[in-house]
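K.L.:
Quick note, the sequences are listed as chains A and B, same order. The numbers in our numbering rise by one with no breaks, and the one at position 199 of the first sequence is 199. Every number in our numbering is 1000 more than the matching position in the second sequence, counting from 1.
Just so you know, these hints were derived from the structure itself, not from any lab. Among the hints, a few may not be true.
[As the list claims (entries may be wrong)] Once the Cα atoms are required to be at most 25 Å apart in a straight line, the calculated DSS-like pairs of lysine-lysine come out as:
1. Lys127/A x Lys189/A
2. Lys140/A x Lys1193/B
3. Lys1208/B x Lys1193/B
4. Lys1193/B x Lys1281/B
5. Lys1281/B x Lys140/A
6. Lys127/A x Lys1193/B
7. Lys189/A x Lys40/A
8. Lys1071/B x Lys1117/B
9. Lys1089/B x Lys1281/B
[Said to hold, decoys possible] Covered stretches of chain B, as calculated for chain A (at least 3 residues, CB under 8 Å):
10. 1075 to 1087
11. 1188 to 1197
No experiment lies behind these values; they were computed from the predicted model shown. Built from N, CA and C at the ideal position, the CB exists for glycine as well.
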Amino acid sequence: MKDTTQIGQPVIEARDLDLTFQTGDGPVLALKDVNLTINKGDFVSFIGPSGCGKTTFLRCIAALEHPTAGTLTVNGLTPDDARMRRAYGYVFQAAGLYPWRTIAGNVKLPLEIMGFSRAEQEERVRKVLELVELAGFGGKFPWQLSGGMQQRASIARALAFDADILLMDEPFGALDEIVRDRLNEEVLKLWARTGKTIGFVTHSIPEAVYLSTKIVVMSPRPGRITDVIDSPLPRERPLDIRDSRAFIEIAHRVREGLRAGHHDD
Amino acid sequence: MIWLVGAVLVWLGAWALNVRLAASAFGRTRAGRLAVATLFGITLLVLWEGLVRGLAVSPIILPGPSVIGPKIAASLPTLWADFVQTVVKGALSGFAIGTAAAFVAAIAIDRSPFLQKGLLPIGNFVSALPIVGLAPVLVMWFGFDWHSKAAVVVVMVFFPLLVNMVAGLQATDPLHRDLMATYSASYPQRLMKLRLPAAMPFFFNGLKIAATLALIGAIVAEFFGSPIVGMGFRISTEVGRLGLDMVWATIAVAALSGSALYGLIALIESRVTFWHPSQRK
Chain A
1 MKDTTQIGQP VIEARDLDLT FQTGDGPVLA LKDVNLTINK GDFVSFIGPS GCGKTTFLRC
61 IAALEHPTAG TLTVNGLTPD DARMRRAYGY VFQAAGLYPW RTIAGNVKLP LEIMGFSRAE
121 QEERVRKVLE LVELAGFGGK FPWQLSGGMQ QRASIARALA FDADILLMDE PFGALDEIVR
181 DRLNEEVLKL WARTGKTIGF VTHSIPEAVY LSTKIVVMSP RPGRITDVID SPLPRERPLD
241 IRDSRAFIEI AHRVREGLRA GHHDD
Chain B
1001 MIWLVGAVLV WLGAWALNVR LAASAFGRTR AGRLAVATLF GITLLVLWEG LVRGLAVSPI
1061 ILPGPSVIGP KIAASLPTLW ADFVQTVVKG ALSGFAIGTA AAFVAAIAID RSPFLQKGLL
1121 PIGNFVSALP IVGLAPVLVM WFGFDWHSKA AVVVVMVFFP LLVNMVAGLQ ATDPLHRDLM
1181 ATYSASYPQR LMKLRLPAAM PFFFNGLKIA ATLALIGAIV AEFFGSPIVG MGFRISTEVG
1241 RLGLDMVWAT IAVAALSGSA LYGLIALIES RVTFWHPSQR K
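Next up, chain B with everything else stripped away, as it sits in the complex (with noise of 0.2 Å):
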């Protein structure tokens, strides 16, 4: 009972304390703004801790931060190589090939009405495949390392950003197009010139978008078979032996890569498309 008042009462502090916070001065500042989600992000484990500990909850059903916190310092090196196989070796390799195939599709795809015809319905179907049925040919086809993860996460990331580089190299302005159609520009020129810059801002939102899809892929193609590492290898054999703190270990691991992966997409699309209505300052 007393982990739950407590629990109640520190998050009943930590929100006065973070609506003030916010409220300040000091809150429009960086460090600030820091502070306050640096805040927040406590009490929720807090909160956590003291919901688990009160209501006695079983740790095969939720695990208390105390008890993952630990589990995660004593294994690091597992967690560390887990991570290099799958967010780098598998889901990293499979998101630049993906990328890059999607980018080079979008703009042949744009140059060419026929492929504009019979690539994008076909880029549609292999999106519309499960994953679940997907990932056991690829193993099948790459093998259990990490190339057969990269495949599955080429094939999950290629078509969000296919179409949407395809709307973006559509979405120039027609005044804009004028301009180079008065200059005499060539093919060329008119993409890198124009066409390529104006498709920025939708390039990064499929790159957002891509970039948890890798994730998922990745991991979720471990289940299908995969060598003895791997953050997909790890969930379901510790599923298996109940070893739920390892599971949510590699989750908070998971959540972490994903977040940053995403976080650093979204700053180099604030140095691109500075130019943005939606990124100006």
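Here chain A stands alone, though its shape is the one from the complex (with noise of 0.2 Å):
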């Protein structure tokens, strides 16, 4: 395994992780000898087929699922501990905004649950919803919103109380390619502004590379890790650095280590 410069300090380390779900067909290897630093700062893509674990290992980041064997440490502390000192946010696939609640009270939700007082809580939906350009629609239900919007609203409520981490499980998957383009620049631009570190699930080549410092590299059966890659692209990325050569390599070597890992079963 490649070990990466050390820009920040690690926040999340996996050594030696495996998980195995029992199934009806007996166990399934989901997560193999899973290997990985990511500091602080970091913008790490998990790139891979179905079922190579990408999704499975973001969420045993955020505790939501339970390794079988091996450590992960989250800011030094277990997924669980670090889960009740609320560090992370998470975006999932779907924007899974409750239909009962307006936007704003969408994004207010987990400040509600963590006890952020009232006045705090109208402050920070204010400024989150600035942040993802919704401002003016906090008053709006979900089902009222395009799929983007929605989208925003979830990546606003996972920001809403201030996470160091920032986990989104292919949060633009389901969106077409435009939209994708324009929330792209937006979360790097987000990324950039809060200096977070952000675990990023996608199906997508160039999103991969586009956004990520650094580009894990997944297969499946077993689950696990083929490549890790530290872009060397500049943090500031116009929308146009897509045609360099740099960006063309990259991408290349990530396809190389998909083809690699990809047997035809």
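Since each chain comes alone in its own frame, lean on the hints to assemble the complex.
P.N.:
Structure follows, in structure tokens:
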């Protein structure tokens, strides 16, 4: 496993991580010997075909799944303890907004649960809705907004309580190419402004290369890491960087990695 | 013969008028929809009256609206007393107690797998008891007055509400649950902010079923012993005296009360579950 240049302190560290699901058809090795260090301020993409364990790994970090072997620490704590300290915000594949709450009400949900004062709630909701360019839509209900706006609202919800780590599980998978490009740009801007550590699961090679400082290539059966690529691209990234030589070379390496891990079975 | 022909002509005429009304721009307004429904109701009454008179149906078999209407007007104090006794005291109090009990029981069952295995089958068992067997027993236990009727209603409404509410509490989206997990939300927080709101469409389904059951239960229970007031008492006594006009007057009150209760619940439902796809405007 290739080690990383230490930009910041390690935030997430996985050592010899295994996760086996017991299913009706016998055990399934969702993750096998996963070793990875994510540093503070990294933008890490997980890419690979379905069943490679990229979502499972993200869920392990968030303590939504529990590894069967190996160690995983978040800020030096177990994922469960890190969760209790509200170490991360999680953005799911679907927006998952509560339909009985307005957009502002949805963003407020984690703040209510975490016991922020009422004034602080209002202030934070206003700020994050502005951040995702949804100011003025706070009073709408989720079903009154487009899919892209709903997903932006769910990002605002994950940002509202100011966790250091933002975990995003194919957040733009269901959106069309144009909306996706815009949201990718916005995520990058957000990352630059907030300095958060971001874990990002995706199917898309251009998306992974465009966004990440570190690309983790994974392959299925058993789910494992086949390559970790540190991106030489600058942190400042206009959309047309995707036509640059460096970009195309990284994309090529990712594709090679995906192909190497892929058996036609 | 003139009555028959007249009634059929009115029916056909009103039918044609209603079809035109419903298709017109006026038919899409609130007043228009109300007019169409009212016209339909009036037509039914006219047709009923015409058939009863034209075919010379015995008033024992079926009295016409022209007999039932004046009977209602003349017996308002009696009908009102019956309504208070059966609907307000018997049905509504039983409905409130049964609903509250089912609500609490559903939350307890949802919380505890032990209760889920134990209480649901018992609820199922009780709901399978025939009302005609249960009502006399409850009358013995709770006396002739409305208390025993309320008890019958509690037994009748409890189970449908319980089943709906338990299903509702389990009907949360896995994604919504994961979200609560990432916030480390406590059980009361999950319950108040996710499970209960998500269960409301199911709860109101149960309420609507229970509302009609409550009325049936309160009326039927009076057949097994009651003071000399109440809709069930009235029906059983007047049938014995061949006072079918009074039976029909009571049926009309029962039908109106049932519809009003159902309508009220539907109205509250549309306010509470406005977010549900079936209620979105």
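K.L.:
Hint by hint, note whether the structure agrees.
P.N.:
Evaluated hints:
Restraint check for Lys127/A and Lys189/A: the C-alpha separation of about 15 Å stays at or below 25 Å, so the hint holds. Between Lys140/A and Lys1193/B, the direct Cα distance comes to roughly 19 Å. Compliance with the 25 Å bound is thereby established for this hinted pair. For the suggested pair Lys1208/B and Lys1193/B, the alpha carbons sit about 24 Å apart, so the restraint of at most 25 Å is met. Among the hinted pairs, Lys1193/B with Lys1281/B is consistent with the structure: their alpha-carbon atoms are about 23 Å apart, no more than 25 Å.
For the hint pairing Lys1281/B with Lys140/A, the CA-to-CA distance comes to about 14 Å; that is within 25 Å, so the pair holds. Between Lys127/A and Lys1193/B, the direct Cα distance comes to roughly 23 Å. Compliance with the 25 Å bound is thereby established for this hinted pair. Between Lys189/A and Lys40/A, the direct Cα distance comes to roughly 17 Å. Compliance with the 25 Å bound is thereby established for this hinted pair. Of the supplied pair hints, the one linking Lys1071/B and Lys1117/B is violated, its CA atoms being roughly 53 Å apart against a limit of 25 Å.
Distance restraint check for Lys1089/B and Lys1281/B: the Cα-Cα separation of roughly 36 Å exceeds the 25 Å cut-off, and the hinted pair is therefore not satisfied. Here's how the region 1075 to 1087 of chain B fares: 0 of its residues keep a CB closer than 8 Å to some CB of chain A, so the rule of at least three is not met and the hint is violated. With 4 residues having a beta carbon nearer than 8 Å to a beta carbon of chain A, the region 1188 to 1197 of chain B meets the requirement of three or more and the stated coverage holds.
Of the numbered hints given earlier, the model fails hints 8, 9, 10; all others are met.
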